[in-house]
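Q: The lines below spell out each chain.
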Amino acid sequence: MGYQHSVTLDVEKCKGCTHCLNRCPTEAIRIRDGHAVINANRCIDCGECIRLCPHKAKRSSFDKLSSMPKDKYKIALPAPTLFGQFTNLDDPDYVIDGLLNMGFDDVYEVARAAELVTEYTRRYLKRDDIPLPAISSACPVVVRLVSLRFPTLVDNLVPILPPMEIAGHLAREKAKKEHPELKDEDICTVFISPCPAKVSYAKNNLCGGKSSVDMVVSLSDVYFELLNAMKKAEAPKNQSQTGMVGLSWPSSGGEASSLMNDHYLAADGIENVIRVLEDIEIENHPNLTFVELNACAGGCVGGVMAVENPYIARVRLRNIRRYLPVTLNHPGPEDPADDIPGRFALDLSDDEYGHVSRYDENRKEAIKMMQDVERLFATLPELDCGSCGSPTCRAFAEDVVRGHAKLEDCICVMRQKLQETQKENHHDGS
Amino acid sequence: MGNESLYYRFDVDGENFTSAGEASVQTKRILRRVGFSPDIIKRVSIAMYEGEINMVIHACGGVVELFIEEDKIKIILTDHGPGIENIDLAMQEGYSTAPDNIRSLGFGAGMGLPNMKRYTDSMEIESKVGEGTKITMTVNV
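Those protein sequence lines, which keep their order, are chains P and H.
When you line the first sequence up against my numbering, it's residues 1 to 430, in that order.
When you line the second sequence up against my numbering, it's residues 1 to 141, in that order.
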């Protein structure tokens with residue numbers, strides 16, 4: 001089965017306008033027959049098109065909270081971003097209580113796993129045989145972008161599973177320890193996500209084996225129900241086990257600054273991420289050790305499914321973590337003393353470079369096509385208006401040469417033809 | 001080079017430091033479409049990037065020409081800058097004549113020409129003091 005994306009299109013609602021077309025960072029969208037078509041080979045699940053669509057025609061394929069199996073032991077895995085969504089929240093325990101009130105049997109904060117990833121990353125950076133700069137692999141959009149477009153940097157990705165995946169593992173282990181009668185299939189782990197990319201991550205088992213996360217629900221889907229479940233007068237039980245580090249991860253720079261290493265860079269927003277990767281690829285960077293990249297502006301708090309404005313969420317998280325200990329989660333006694341546990345290692349070696357932009361397998365043919373593209377491009381107006389259904393005039397020239405579009409789809413070319421015909425008719429008439 | 005090769009010409013604006021590196025980004029985009037391996041693309045784009053930076057720092061800009069063939073990529077950098085007095089010296093790692101204001105930006109480490117040589121299969125420098133410099137690099141595929 002091919003790669004399962006988390007962005008789908010509601011053809012009924014799509015007007016075929018050019019908002020998503022112009023802004024897709026990988027030029028994966030075309031307008032064909034009056035509506036958008038997403039090229040699955042190029043899409044990196046960044047969710048920009050969901051964010052931009054004025055007609056709400058782009059949907060993300062989250063699992064529905066209502067489809068949660070009632071008879072299973074349900075564990076909520078709240079993304080740390082969730083804690084930044086509430087006015088006047090000063091204690092993460094209210095959120096945890098609320099989730100339990102909603103019917104979850106347990107809650108395992110993903111921020112806990114994030115603190116472990118921070119520790120494992122520190123260990124990883126101490127090695128002297130790793131390609132620098134090490135690039136965070138926590139954002140699935142970045143991982144996919146790197147493997148599709150910056151294949152020479154795949155080895156720079158930190159080979160550690162993302163916090164969500166590790167949280168799933170640890171939540172299951174905890175459940176089985178507390179309830180020895182539970183079997184793996186009796187447990188359902190539910191990640192509460194600020195972004196659709198995590199859906200593709202879990203569905204495509206990008207962790208290498210089967211994902212430890214069974215369902216990915218959208219943060220906005222959970223939000224209102226949770227808000228009601230949180231309205232309790234009494235103080236919550238003391239359950240949160242997250243420190244400052246875990247709650248700093250959702251904002252851009254949080255992951256990197258927790259590493260206690262000054263040679264880091266943190267960039268957010270997909271266009272900025274691409275610019276940074278372009279520079280790292282040509283080795284144009286100041287001695288960097290670690291690079292944190294988040295596809296969403298502001299970091300995970302800027303996820304398209306987050307409810308609150310990312311900059312406000314960032315301030316709220318800062319207020320919540322102010323009086324927390326630095327970190328509350330440490331590798332267990334069963335883990336190796338100064339290495340990354342094998343079960344949490346991320347294996348990217350199978351990632352095959354797909355040559356998604358290549359014109360033709362035969363290089364001679366590809367060169368010929370490139371010459372045709374350049375010749376055709378030189379005759380186009382360079383308005384990048386999108387009326388033809390391609391994002392730019394250059395992309396249109398490529399689409400025509402590759403046989404995916406007709407030259408007459410360009411309204412400027414058509415207008416010129418029309419004017420020429422009119423002129424001819426005029427001459428004939430006189 | 002005959003009709004077989006794909007030809008591009010990029011002007012490198014010497015007035016605008018931030019535009020240095022644009023030809024290299026464009027080149028990556030083109031080479032990906034022709035289907036070269038990631039390693040080849042990396043080598044060509046690093047060599048070109050270093051060349052662009054050099055032209056901006058030392059020569060008030062210049063021209064980058066790119067010839068793409070099935071089995072060979074050629075880059076010609078031409079400028080009308082001050083020329084290189086001693087090419088052997090300029091090829092030494094760490095040797096640089098970049099002014100202090102450029103160094104303060106993190107450039108001028110004296111690695112430009114050595115890197116260009118390292119990442120290409122052949123490199124020829126023709127330079128006349130007071131007239132300019134022409135560098136021809138080839139990467140064999």
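Simulated from the structure, these hints should not be mistaken for lab results.
Think of the CB as a built atom: it goes at the ideal place given N, C-alpha and C, for glycine as much as any other residue.
Hints may be right or wrong, so weigh each one.
[Stated by the list, open to error] Stretches of chain H that chain P covers, calculated by requiring three or more beta carbons in the stretch to come under 8 Å of a beta carbon on chain P:
| no. | region |
| --- | --- |
| 1 | 17-26 |
| 2 | 39-52 |
[What the hints assert, rightly or not] Between beta-carbon pairs, the in silico distance windows are:
| no. | chain 1 | residue 1 | chain 2 | residue 2 | range |
| --- | --- | --- | --- | --- | --- |
| 3 | H | E93 | P | P131 | 19 to 29 Å |
| 4 | P | E283 | H | N101 | 33 to 43 Å |
| 5 | H | P99 | P | E283 | 19 to 29 Å |
| 6 | H | Q26 | P | G16 | 25 to 35 Å |
| 7 | P | Q422 | H | H80 | 45 to 55 Å |
| 8 | P | D428 | H | H80 | 30 to 40 Å |
| 9 | H | S37 | P | D372 | 17 to 27 Å |
| 10 | P | Q416 | H | S19 | 29 to 39 Å |
| 11 | P | E283 | H | E70 | 26 to 36 Å |
| 12 | H | H80 | P | M260 | 43 to 53 Å |
Q: Hint by hint, say whether it matches the structure.
A: For each hint, the structure was consulted:
1. Counting residues of the region 17-26 of chain H whose beta carbon lies closer than 8 Å to any beta carbon of chain P gives 3, which meets the minimum of three for the stated coverage.
2. For the region 39-52 of chain H, the proposed coverage by chain P is satisfied: 6 residues have a C-beta within less than 8 Å of a C-beta in that chain, meeting the threshold of three.
3. Checked against the hint of 19 to 29 Å, the C-beta distance between E93 of chain H and P131 of chain P comes to roughly 21 Å, which is consistent with it.
4. In this structure, E283 of chain P and N101 of chain H break the distance hint of 33 to 43 Å, their C-beta atoms being roughly 23 Å apart.
5. Separation of P99 of chain H from E283 of chain P is about 23 Å and conforms to the stated range, judged on CB atoms against 19 to 29 Å.
6. A hinted range of 25 to 35 Å holds for the C-beta pair Q26 of chain H and G16 of chain P, which are about 30 Å apart.
7. Range check, Q422 of chain P to H80 of chain H: Cβ separation about 49 Å, and the 45 to 55 Å hint holds.
8. Look at D428 of chain P against H80 of chain H: about 54 Å separates their beta carbons, and that is not inside 30 to 40 Å.
9. Roughly 23 Å separates the CB atoms of S37 of chain H and D372 of chain P, a value that falls within the hinted 17 to 27 Å.
10. In this structure the supplied range 29 to 39 Å holds for Q416 of chain P paired with S19 of chain H, their Cβ-Cβ distance being about 33 Å.
11. Take E283 of chain P and E70 of chain H: their Cβ atoms lie about 27 Å apart, and the range 26 to 36 Å holds.
12. For H80 of chain H and M260 of chain P, the hinted distance range of 43 to 53 Å is satisfied, since their beta carbons lie about 50 Å from each other.
Hint violations for this structure: numbers 4, 8, all remaining hints satisfied.
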